[in-house]
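K.L.:
So the chains spell out like this:
Protein chains: 2
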Amino acid sequence: MKKIFYLLSAVLMITGCRQPAPGHQSSNSDQPLPDSVLPSWNEGKTRTAILEFVDAVTDSNDVNYVKPEDRIAVFDNDGTLWSEQPMYFQGLFAFDRIRSLAAQHPEWKTKQPYKAVLENDMKTLAEAGIMGIGQIVGASHAGMTSAEFKQIVLNWIDTARHPIKKVKYTELTYKPMKELILYLQQNGFKTFIVSGGGVDFMRPWAERAYNIPSENIVGTYANLKFEMVNDTPALRRESDGLFVDDGPGKPVGIQRFIGKQPIAAFGNSDGDLQMLQYSTIGKGIRFGLIVHHTDAEREWAYDRASHIGKLDKALDEAAKRNWTIVDMKKDWNTIY
Amino acid sequence: MKKIFYLLSAVLMITGCRQPAPGHQSSNSDQPLPDSVLPSWNEGKTRTAILEFVDAVTDSNDVNYVKPEDRIAVFDNDGTLWSEQPMYFQGLFAFDRIRSLAAQHPEWKTKQPYKAVLENDMKTLAEAGIMGIGQIVGASHAGMTSAEFKQIVLNWIDTARHPIKKVKYTELTYKPMKELILYLQQNGFKTFIVSGGGVDFMRPWAERAYNIPSENIVGTYANLKFEMVNDTPALRRESDGLFVDDGPGKPVGIQRFIGKQPIAAFGNSDGDLQMLQYSTIGKGIRFGLIVHHTDAEREWAYDRASHIGKLDKALDEAAKRNWTIVDMKKDWNTIY
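Here the protein sequences line up with chains Y and W, keeping their order. Using the numbering used here, read the first sequence as starting at 670 and increasing by one per residue. Using the numbering used here, read the second sequence as starting at 670 and increasing by one per residue.
Simulated from the structure, these hints should not be mistaken for lab results. Every residue gets a Cβ at the ideal spot worked out from N, C-alpha and C, and that includes glycine. Wrong hints could be hidden among the right ones.
What the hints assert, rightly or not - Here are a few chain Y residues that sit away from chain W, every Cβ distance over 10 Å (derived from the structure):
(1) Pro755
(2) Gln804
(3) Thr842
(4) Lys844
(5) Asp869
(6) Ser883
(7) Gln946
(8) Arg973
(9) Leu984
What the hints assert, rightly or not - Heads up, simulated EDC-like pairs for lysine to aspartate or glutamate below, C-alpha to C-alpha not over 20 Å straight-line:
(10) Lys736/W with Glu876/Y
(11) Lys929/W with Glu721/Y
(12) Lys979/Y with Asp939/Y
(13) Lys834/Y with Glu817/Y
(14) Lys819/Y with Glu896/W
(15) Lys989/W with Asp900/Y
(16) Lys929/W with Glu817/Y
(17) Lys989/Y with Asp996/W
Stated by the list, open to error - Beta-carbon label-pair distances, calculated as ranges:
(18) Asp728/Y with Asp900/W: 27 to 37 Å
(19) Glu896/W with Ala772/Y: 29 to 39 Å
(20) Glu896/W with Ala816/Y: 30 to 40 Å
(21) Ile950/W with Leu911/Y: 25 to 35 Å
(22) Val898/W with Ser908/Y: 44 to 54 Å
(23) Glu721/W with Glu966/Y: 55 to 65 Å
(24) Glu776/Y with Val898/W: 23 to 33 Å
(25) Ala988/W with Leu911/Y: 36 to 46 Å
(26) Glu721/W with Lys819/Y: 49 to 59 Å
(27) Pro775/Y with Asp900/W: 28 to 38 Å
(28) Glu966/Y with Asp909/W: 26 to 36 Å
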């Protein structure tokens, strides 16, 4: 039933004729909220904060009303829209590629970080951080065309299984966050992913997984080179000219790709700190939210000490900035 | 009346509830076409080629049907959506800036290209090409914040007058092309500007002038640096890390910002050659169009020998690729 709802919504969006927003149902009213609004979110102050923000910016009589073209909402991906343990999933993707190419590269047996990949040494890899993984991704995928890379990503996302959860990676996307994206879209928001992950890694599957079109996906990228080969155009991936859409790079990516300051930002780690600052400090009502991974049973529990998705400075700043913290264990009745 | 039509359309787009496409009115039918479809285009093979292409990709019974999410159309700006003589308008903007800052820079009196600007030496400036103008733009606007630059652009576009036509620059946007953008949007296309012009120069006014939202505007950019100053976030413009969204850079910009191969491309010069190749060579029906400046009386007439908007290689390739050529004098009953 939920699937049909998503599908229908996607079709309506695509045909450019979706229904008007469901209106300005006040979260303070005595009426019970309809089941269709954020059903995976438990009642409480987190859910209420979201509803009140959306009510305010969509109510043309409210002092905080925002015109639809300025209702820009940005979402981090890793740890915010899908899980990121025991390693960023793009890292696991790159590791699978390294393993499948290892026979052609005997030197990798003794050379880091390839050695760590082949020995499944997650600790060393986690310590290499998103930049180290970026190097592996870049090195293992430079030289091929964008079309070839897309096909490799699609094959992987269709067949690979998470090492612990044993399910497809797209099954590890968060149901409450997908509901939130849809809810914002239904209320006239333009929703974007702004991720440290590679833009060409996300686009092949994220469009369908999150109902966010490829042009609304911002991420890390390197140079491309246009070529005509046998009268056929191609874009070849290069390893230089890396733009890292993480940390202070996120506001840069937002300005470059979107050209407007968002009014809402959703993240989970210190890599989202500057995006949250850029989106929430400004005129009018703003909304910042941090997904706090507190559920060791259903997902993972980690924050200040984690190599992956470290949440430390942004957690301190949340109190100062009045950002909403999702307690995953308490606020979400369903994770996936 | 036309203004109201545009405004209404924009409002409907923004509210996310525009009407379905007006359908698959065949251009071969005996019925006269309604006045509302491309009224500034004269009847003839150019207009017919556009209508037949749109008919084919929007008719779900046609072998060439394309799903709305893949109906990507890309437009060059200078010379395609607005005039570009006697100089790219962003060049004229930068020259106005140089003049207003000249008192603080006495050294400019003897230093090129500033000397040419101060002496109004258009020949030298035209020969400097888009890259030379890019340097002037970059040099004269580095160091300020994105917000400051936006305000300067807005002030200029609201007050500056074209040196020959003596009207505001936004009054030199082409009515037939704006009708075409709207027509494509009404038929479920996603429309993008992909211009050699600076993305931050276009966005402040192009959103309203062409009914294309800021996130659908792709252009030349340099590095930005995120800063927190007095607890306020800002993006500072730097002069390095230039990405030139022109020539072979246009397919790169398309892949980076949009992530899909367009099915229709609209340009006017050799700077659009690779964008036209990338968009029109591929499976299924494609549409390439070149605006040929043939109207010395109402606009300007130039092609192979022009320093600005040189159209030479792309004109040769048009015949080979079956691209549609707009003869501005013959095909457009109204220019502006």
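K.L.:
Each hint: holds or not?
P.N.:
Taking the hints in turn, this is what the structure says about them:
| no. | hint | result |
| --- | --- | --- |
| 1 | Pro755 | holds, 29 Å |
| 2 | Gln804 | holds, 20 Å |
| 3 | Thr842 | holds, 19 Å |
| 4 | Lys844 | holds, 23 Å |
| 5 | Asp869 | violated, 7 Å |
| 6 | Ser883 | violated, 4 Å |
| 7 | Gln946 | violated, 5 Å |
| 8 | Arg973 | holds, 22 Å |
| 9 | Leu984 | holds, 18 Å |
| 10 | Lys736/W with Glu876/Y | holds, 14 Å |
| 11 | Lys929/W with Glu721/Y | violated, 36 Å |
| 12 | Lys979/Y with Asp939/Y | holds, 6 Å |
| 13 | Lys834/Y with Glu817/Y | violated, 28 Å |
| 14 | Lys819/Y with Glu896/W | violated, 35 Å |
| 15 | Lys989/W with Asp900/Y | holds, 12 Å |
| 16 | Lys929/W with Glu817/Y | holds, 14 Å |
| 17 | Lys989/Y with Asp996/W | violated, 61 Å |
| 18 | Asp728/Y with Asp900/W: 27 to 37 Å | holds, 29 Å |
| 19 | Glu896/W with Ala772/Y: 29 to 39 Å | violated, 48 Å |
| 20 | Glu896/W with Ala816/Y: 30 to 40 Å | holds, 38 Å |
| 21 | Ile950/W with Leu911/Y: 25 to 35 Å | holds, 29 Å |
| 22 | Val898/W with Ser908/Y: 44 to 54 Å | violated, 34 Å |
| 23 | Glu721/W with Glu966/Y: 55 to 65 Å | holds, 60 Å |
| 24 | Glu776/Y with Val898/W: 23 to 33 Å | violated, 48 Å |
| 25 | Ala988/W with Leu911/Y: 36 to 46 Å | holds, 40 Å |
| 26 | Glu721/W with Lys819/Y: 49 to 59 Å | violated, 31 Å |
| 27 | Pro775/Y with Asp900/W: 28 to 38 Å | violated, 54 Å |
| 28 | Glu966/Y with Asp909/W: 26 to 36 Å | violated, 49 Å |
Hints 5, 6, 7, 11, 13, 14, 17, 19, 22, 24, 26, 27 and 28 from the list above are not met by this structure, while the remaining hints are.
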